[in-house]
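Visitor: So you can see what is in the structure, the chains are spelled out below.
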Amino acid sequence: MAARTLTIDGQLVSARAGETILEAARDAGIAIPTLCHLEGLSAVGACRLCLVEVVGSSRLLPACLTPVSEGMEVRTASERLQANRRALVELLFAERNHVCAVCVASGNCELQNLAVQVGMTHVRYAYLTPQCSVDISHPQFGIDHNRCVLCTRCVRACDEVEGVHTWDVAGRGVNARVITDLGLPWGEATSCTSCGKCLLACPTGAIFRRGTSVAELERDPRRIAVIVASRQERW
Amino acid sequence: MDLAELNAIAAHERASRKPIRIACCTSLGCYASGAVELQQQLTAGVAATGRAENVEVVGVGCMGFCGHGPLVRIEPEDLLFEHVRPEQAPAIIAALDGGPCDVERGDPRHPFFARQLPIVRRNGGVIDPERIEAYIAAGGYATLYRVLHDVSPAEVIDQITRSGLRGRGGAGYPTGLKWATVAKSPGERKFVVCNGDEGDPGAFMDRSILESDPHLVLEGMAIAAYAVGAHEGYLYVRGEYPLAIQRLTRAISQARRHGLSGSQIFETAFDFKVEVRVGAGAFVCGEETALIASIEGRRGQPRPRPPYPAERGLWGCPTLINNVETFANIVPIIERGADWYASIGTARSKGTKVFALTGKIRNTGLIEVPMGITLREIIEDLGGGTPDGTPVKAVQTGGPSGGCIPASLFDTPVDYESLAAAGSIMGSGGMVVMDAGTNMVEIARFYMAFCMDESCGKCVPCRVGTVQMHHLLDKLVNGQATSEDLVQLEALCQIVREMSLCGLGQSAPNPVLSTLRYFRDEYAALLNAPSAAAPQPTD
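Protein sequence lines, in the order shown, are assigned to chains R and P.
Per the working numbering: the first sequence ends with 1651, consecutive numbering throughout.
Per the working numbering: the second sequence ends with 1469, consecutive numbering throughout.
These aren't lab readings, by the way, just hints derived from the structure by calculation.
Among the hints, erroneous ones may be present.
[Claimed, not checked] Sample of chain P residues facing chain R (criterion: CB under 7 Å; computed from the structure): (1) C1386; (2) G1387; (3) Q1398.
All C-beta atoms in this analysis are idealised placements derived from N, C-alpha and C, irrespective of residue type, glycine included.
Just need the whole structure built from these sequences, with the hints factored in.
Guide: So this is what it looks like as structure tokens:
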């Protein structure tokens, strides 16, 4: 496979042709924050946290979707990018009701980790405090929309890995919600196989196993990539 | 269908015309104010007075003077009547004999008409949009015939490139370049898509074109399909345009019946099948990748580009997407040549542009003017200024992606680059005129509310950023904002513009940025100003 050499944050990096900037950076130990990206699922470029500066492009480009090219010069952590990323994380915290103190995922939450990673100390924006429902109609799992960041990782895990597409998105703007089976309560969504891949994929405490208490949620989203990779090897 | 048959239809149509023609506008604006009943009354009146021999009543497309509708024009005398009510039909028929007539008269030589240069709207208000024969009699489909028989696809693309035509949807991408890219993209199956999801507040250019001359768009699409090697096409029209959808659907079935759409058009090997797809009310579906998703039956939300649709579009195939007005320009360009088209307009913006003049303006309606005309000429000469004669304060162009241009810059020529330099965009053609009574911060808040409501919710900066910006604008309008709020608003403008996924989010801050640029004093005046509505301290 052809190799490409590029510069990321002043560091010379080699990458496989067809790889994305994100993959090349991670291989080289350069951390680019992400939220909607999950290895094993298709990339959608929705959270905008992984936007990077590429010399020669007037626009910021999503690292998760932009393929590397020879001689490319990438900056992942300019002052502007850091400030914009911090603003995005703050916007997410302001959007719904993220109360770590009562959340099952506290200590094992990608949103929480992101806040630390981007150096967020407080939220400058007005909290929108929407009224969000909690659905615990499913016998094993529940979804608390207060904690959902609309990354759609559950939607893609269900569709692309489990092959079911129980999850999707309804509504638009801040009123968008992930839904099961055309908006039925999860427990009545007959397409759901209760496989739990959505739980694995969820970056926050939005999707949880029932009966889990504060900070007790244990799950490793990397297992999605393991499932995908092991299937490829076998078939 | 061959050329002889086409000519025969045209000849028969022309021969069956009657000496006197009463043309009644049946486009949506006039339609809504009673034009259909008016047309019936006119038809009945002509029959009752025994004039059916030499007088015909024809429903025609948009005449453009929408604010004065319903409109009726009598030819060949070229009499124009405005605000006609159905009960005035007898008076209009009486006017045929030069009798006294108390119906409001319009002036067909008014600058509103005289200063226009109709190219895409040349059949608007002239032909009956519901009859393909009327279009053929006006020269329709002869260009497609000539293209299919005598012009190679490469020559068509060359003509469009040399004409200098740029996308009329707003961004102004060179049309010829787009066509060439799709033509060169490898793939057995390609698509041509017409974007009729016009959604800017105050804009109705595409609706009027589709309602007034649907075959012009269909013929343009067929030529495009021939040029890029596509055999299937979709017309994506917003669901709020029922009359346009009805006329398009009718036009497609007429074209199919006449062998002008479908298989072996004009008995050549060229097939082009076209279908209408109706939008379900999302502004973001005007964004090309969201539009593609919507046609495919998926949730209408954009995806990052590249890959561009020219490379990977509808169902993964190379897809040409142009706006309604862009397609409507194709037939005139091929018919009269690239050099003719390139002779109109400015160095980098060729041809004409259709604008919808609305807001605080005397002559509300639709105009088609050459590029390079100044905003002042449009607003003062064609538009007639404000209805009460007070000075115009600003004009908003480009809808929620555009900006407000102050009266001091009204000598700006209308072309893609000049409008962008003034902090706005050409956009699809909406022009909302504002007078001194307009609060520019409220205008910014209105457009932000629009973007907030229309954000699909996929990407974070647009989904949440627009809500936060709207919140800050709300605080400003209510006199509750501090100077820190203004700083935060400007910072958010930058973030949302730089970080958003698609054009909707990237351009959502524009109405705020442009009003801040020209009317910052209005923002400053609202800082901590007690609002009239807010309760006042009593001690």
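Visitor: Look at each hint and say if it fits the structure.
Guide: Checked hints:
At its closest, the beta carbon of P:C1386 sits 5 Å from a beta carbon of chain R; the interface hint therefore holds under the 7 Å criterion. A cut of 7 Å between beta carbons decides the hint on P:G1387: the least distance to chain R is about 3 Å, and the hint holds. Below 7 Å, beta-carbon pairs count as interface contacts, and P:Q1398 has one with chain R at about 5 Å; its hint therefore holds.
Checked against the numbered hints above, the structure violates none of them.
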